[in-house]
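Since chain D is already given, all that's left is putting chains L and W on it; use the hints.
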Amino acid sequence: MCLAVPGRITEVWNDRGTPMATISFDGIEKEICLVYLPAAAVGDYAIVHAGFAISQVDPEQARVTLQTFAELGLLADELGSTEP
Amino acid sequence: MKYLDEFNDPGLAASLLGEIAAVTTRPWTIMEVCGGQTHSIIRNGIDQLLPDTIELVHGPGCPVCVTPLNIIDQALSIAALPEVIFCSFGDMLRVPGSGSDLLRVRSEGGDVRAVYSPLDAVKLAADHPERQVVFFAVGFETTAPANAMAVHLAEQRGLDNFSVLVSHVLVPPAIEAIASSQGSRIDGFLAAGHVCSVMGTRQYEPLVERFSVPIVVTGFEPLDVLDGIRRVVVQLESGQARVENAYPRVVTEQGNVTAQQMLDEVFDVCDRNWRGIGEIPRSGWRLADRYARFDAAARFAVDGIDTPESGRCRSGDVLRGLIKPSECAAFGVECTPRTPLGAPMVSSEGACAAYHQYRRLSVDEISMPPTSNHRG
Amino acid sequence: MADARDVDGWTCPVPLRGHDRIVMGHGGGGKLSSELIEHLFVPAFNDGARIELHDAATVPVATGRLAFATDSYVVRPLFFAGGCIGDLAVNGTVNDLAMSGAQPIAMSAGFILEEGLPMATLAAVVEAMAMAAATAGVQIVTGDTKVVGVGQADGMYVNTAGIGMIPEHVDIRPGRARPGDVVILSGPIGEHGVAVLSTREGFEFGTDVRTDSAALNGLVGDMIAAFADIHVLRDATRGGVTAVLCEIAASAQLGIEFDERAIPIPPAVAAACSFLGLDAMHIANEGKLVAFVPPRGVDDVMDAMHRHDLGREACVIGRVVADHPGTVVARTALGALRVVDVPLGEQLPRIC
Numbered sequence: 069m070c071l072a073v074p075g076r077i078t079e080v081w082n083d084r085g086t087p088m089a090t091i092s093f094d095g096i097e098k099e100i101c102l103v104y105l106p107a108a109a110v111g112d113y114a115i116v117h118a119g120f121a122i123s124q125v126d127p128e129q130a131r132v133t134l135q136t137f138a139e140l141g142l143l144a145d146e147l148g149s150t151e152p
Numbered sequence: 021m022k023y024l025d026e027f028n029d030p031g032l033a034a035s036l037l038g039e040i041a042a043v044t045t046r047p048w049t050i051m052e053v054c055g056g057q058t059h060s061i062i063r064n065g066i067d068q069l070l071p072d073t074i075e076l077v078h079g080p081g082c083p084v085c086v087t088p089l090n091i092i093d094q095a096l097s098i099a100a101l102p103e104v105i106f107c108s109f110g111d112m113l114r115v116p117g118s119g120s121d122l123l124r125v126r127s128e129g130g131d132v133r134a135v136y137s138p139l140d141a142v143k144l145a146a147d148h149p150e151r152q153v154v155f156f157a158v159g160f161e162t163t164a165p166a167n168a169m170a171v172h173l174a175e176q177r178g179l180d181n182f183s184v185l186v187s188h189v190l191v192p193p194a195i196e197a198i199a200s201s202q203g204s205r206i207d208g209f210l211a212a213g214h215v216c217s218v219m220g221t222r223q224y225e226p227l228v229e230r231f232s233v234p235i236v237v238t239g240f241e242p243l244d245v246l247d248g249i250r251r252v253v254v255q256l257e258s259g260q261a262r263v264e265n266a267y268p269r270v271v272t273e274q275g276n277v278t279a280q281q282m283l284d285e286v287f288d289v290c291d292r293n294w295r296g297i298g299e300i301p302r303s304g305w306r307l308a309d310r311y312a313r314f315d316a317a318a319r320f321a322v323d324g325i326d327t328p329e330s331g332r333c334r335s336g337d338v339l340r341g342l343i344k345p346s347e348c349a350a351f352g353v354e355c356t357p358r359t360p361l362g363a364p365m366v367s368s369e370g371a372c373a374a375y376h377q378y379r380r381l382s383v384d385e386i387s388m389p390p391t392s393n394h395r396g
Numbered sequence: 140m141a142d143a144r145d146v147d148g149w150t151c152p153v154p155l156r157g158h159d160r161i162v163m164g165h166g167g168g169g170k171l172s173s174e175l176i177e178h179l180f181v182p183a184f185n186d187g188a189r190i191e192l193h194d195a196a197t198v199p200v201a202t203g204r205l206a207f208a209t210d211s212y213v214v215r216p217l218f219f220a221g222g223c224i225g226d227l228a229v230n231g232t233v234n235d236l237a238m239s240g241a242q243p244i245a246m247s248a249g250f251i252l253e254e255g256l257p258m259a260t261l262a263a264v265v266e267a268m269a270m271a272a273a274t275a276g277v278q279i280v281t282g283d284t285k286v287v288g289v290g291q292a293d294g295m296y297v298n299t300a301g302i303g304m305i306p307e308h309v310d311i312r313p314g315r316a317r318p319g320d321v322v323i324l325s326g327p328i329g330e331h332g333v334a335v336l337s338t339r340e341g342f343e344f345g346t347d348v349r350t351d352s353a354a355l356n357g358l359v360g361d362m363i364a365a366f367a368d369i370h371v372l373r374d375a376t377r378g379g380v381t382a383v384l385c386e387i388a389a390s391a392q393l394g395i396e397f398d399e400r401a402i403p404i405p406p407a408v409a410a411a412c413s414f415l416g417l418d419a420m421h422i423a424n425e426g427k428l429v430a431f432v433p434p435r436g437v438d439d440v441m442d443a444m445h446r447h448d449l450g451r452e453a454c455v456i457g458r459v460v461a462d463h464p465g466t467v468v469a470r471t472a473l474g475a476l477r478v479v480d481v482p483l484g485e486q487l488p489r490i491c
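Chains as they are written, first to last, in the numbering used here: chain D, 69 to 152; chain L, 21 to 396; chain W, 140 to 491.
Pulled out of the complex, with its shape left as it was, chain D reads as follows:
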């Protein structure tokens, strides 16, 4: 239901009391409202939906998830069960 993408905060500022950020998505830059992620700082990655940052990406969790996937593959290879 909800198209939201991760981008990197490159600048934060304040527009008449509303926290705003410039967020970079690999060659695209967009002004995004930061009111719901007041603690986010330059360099953080945020999930952006309809002009708002709604969640901060946790790099450690991302790493652990990918590692889990990789280990599943190794396990399957060892058991010789990759072919369904």
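Fair warning: there could be bad hints in the mix.
Some residues of chain W that are not near chain D, with every Cβ distance over 10 Å (derived) [said to hold, decoys possible]:
hint: 1; residue: H158
hint: 2; residue: V162
hint: 3; residue: Q278
hint: 4; residue: I305
hint: 5; residue: G319
hint: 6; residue: V348
hint: 7; residue: D361
hint: 8; residue: F366
hint: 9; residue: R400
hint: 10; residue: P464
Which stretches of chain D does chain W cover? Using the computed rule of at least three CB atoms under 8 Å from a CB of chain W, they are [as the list claims (entries may be wrong)]:
hint: 11; stretch: 70-84
hint: 12; stretch: 91-103
hint: 13; stretch: 109-121
In short, the hints are calculated from the structure, not lab data.
Note that CB positions come from ideal geometry on N, CA and C, so glycine has one too.
Using the frame of chain D, we list chains L and W on its own:
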């Protein structure tokens, strides 16, 4: 893009598919609630790569598709007014009401504009004090904070020419309606990751307890979707029913508390009609009384428009997995992608529209030359 | 002639009489029209050799087959990153001709101008057209200008038409697609559409993406020189690469398969598509072509493309099959198959 590309890796996808095949011993029916996940499944062909015993049922989670007929008709009336600039998310423009859609209203002279963010509509209101700017505030819990902030800002900046036509819907009551219905075939749910990034995972605990179904909070990239399916199957095969978070890089247990506070301030929970499905109790948000003056339906006196939903539409049964779309008497007759009755025919990826399209262009029916299966 | 009583005529006949905006008279066929032609269009479009103003231009041609194409341009905004409506209008028609294998020999330019359009805007567009025509090696030999009232046009619209000569033994058209043909794409996709979208009201975003607008006749000339029996060429404009593949599958009643991983998508285009919910395969290009080439010619054609600036990143994306006539099938990155169809109308940014 970082945090997207890594979760598209074909080699890891093959590992996850292998693992799903290895742990599946029985047929299971799993609903992905969210339209974004449906999109990812169709776009990547994930449904074809799963074991035949796993059936995916596409859920009601497309906010523009479930917007009820009466509110779309209200929108069309407002958008046609000469003093109004009517702003909407792009995907709403093509959704038909009972006789027209917003693109057609635009072709007839209405000032209808697609915007990326509700803040763009607020800016238009500030730039055009002589016009009335109306924003069509649809969406699930993910979009609601953005729309709430637009209303909040309009109040703060004294923009009396700004208003919103609200048709917000909520995920947990929809899951509850599907899980509690007689004869529901859904064994487990993939819950919508971005909704949970706002609302947290804890709101699903009561549903799991009550219905003993696994609910796995799932992301949107192919690996995320596959991992969500894998976790549901693992739970089902071992007789468990828990809330699991398969999207921990984005979703926390408590969600975005700042956003929840804004939602509490701007919106009140209400009963809501879902297109073709009918009323689901406490499944929507409306403007709270203190923001009632921003209600476009009242401001333009269209709240009397009360187009009834089709009595022939069996969207609810399709979504519960009780019938195939083609078993509905209206399917392909008065209900087609161009003249849809219910939500699953409105969305191009909805169960009914996909079924309609599929009969014309079925991959299964076209013989493909064998191609080596890339692994690793 | 009433020149002696023409009050305007008493003023010094400076170019364009000092008008800094288009007025109705610039399309009226009178003096203002003539001045526009004399001081703006002719100097820009004439290569200095011959100019005798007449209702029709005359163009000497050799015997053989002519290609003839026309297209109208209504892009908004008029200027966008890397180009404007002017170069688009020249390149678009040159490319339409090139897709039949033709080299352009002459073009026309028709302008619908909105009253009040700044003269400098028109001059900049005309200048861009002149440069694009020079680059493509074609002359704009005839034209027309009409002016409409304020609010009746979006600044300006341009129509161009062109004629070109098709070399002997060249027969390039959709109906010649055959099972086994290899489908080649001339380079990365989506740049034009994203460049235009980035400046459109309501969706503005910062990006370095520029339009890929370019005349493809030079590239096509090199491809044909390397291998004359190219079956089909099509530029992937509105509707993007998807529209090209679907149209050819439908008109030739053949199946087409392509590999999604083979499609070059610049990172910024992919990013714009991600956050607006668009499909790069549906996005317009203005300097990319899709070629259907029999297997025996693929190496020669690819070599020729790789040597040309506009084909340096050319790649094989798929092939034509006898199965599933009329249907385009994509192999997804995960190895699944997906039927690909053209969208109902223009792509709209979505939240879902």
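Taking the shortest Cβ-to-Cβ distance between P464 of chain W and chain D, state whether it exceeds 10 Å. Non-interface label stands for P464 of chain W: nearest chain D Cβ at 31 Å, farther than 10 Å.
Beyond 10 Å from every chain D Cβ: check whether that's true for R400 of chain W. holds, 18 Å
V348 of chain W: least C-beta distance to chain D exceeds 10 Å? violated, 7 Å
Verdict on F366 of chain W as a residue remote from chain D, using beta-carbon distances over 10 Å: holds, 35 Å
Exclusion check [V162 of chain W not at the chain D interface, CB over 10 Å]: holds, 39 Å
Non-interface claim for D361 of chain W versus chain D (Cβ beyond 10 Å): Nearest chain D Cβ is 30 Å from D361 of chain W, so the label holds.
Was Q278 of chain W rightly flagged as not at the interface, with every chain D Cβ beyond 10 Å? holds, 38 Å
Assertion that H158 of chain W lies outside the chain D interface [Cβ separation over 10 Å]: holds, 39 Å
Coverage criterion applied to the stretch 70-84 of chain D (partner chain W; beta-carbon cut 8 Å; 3 residues): holds (count 4)
Classify the label on I305 of chain W as holds or violated, using whether its beta-carbon is more than 10 Å from each beta-carbon of chain D. At roughly 40 Å from the nearest Cβ of chain D, I305 of chain W sits farther out than 10 Å, so the non-interface label holds.
Test coverage of the stretch 109-121 of chain D by chain W using CB-CB distances below 8 Å; three residues minimum. Holds, because 3 residues of the stretch 109-121 of chain D bring their Cβ atoms closer than 8 Å to Cβ atoms of chain W.
If you count the residues of the stretch 91-103 of chain D with a beta-carbon closer than 8 Å to a beta-carbon of chain W, do you get 3 or more? Answer holds; 6 residues pass the 8 Å Cβ test.
When each numbered hint is compared with the structure, a violation occurs for hint 6 only.
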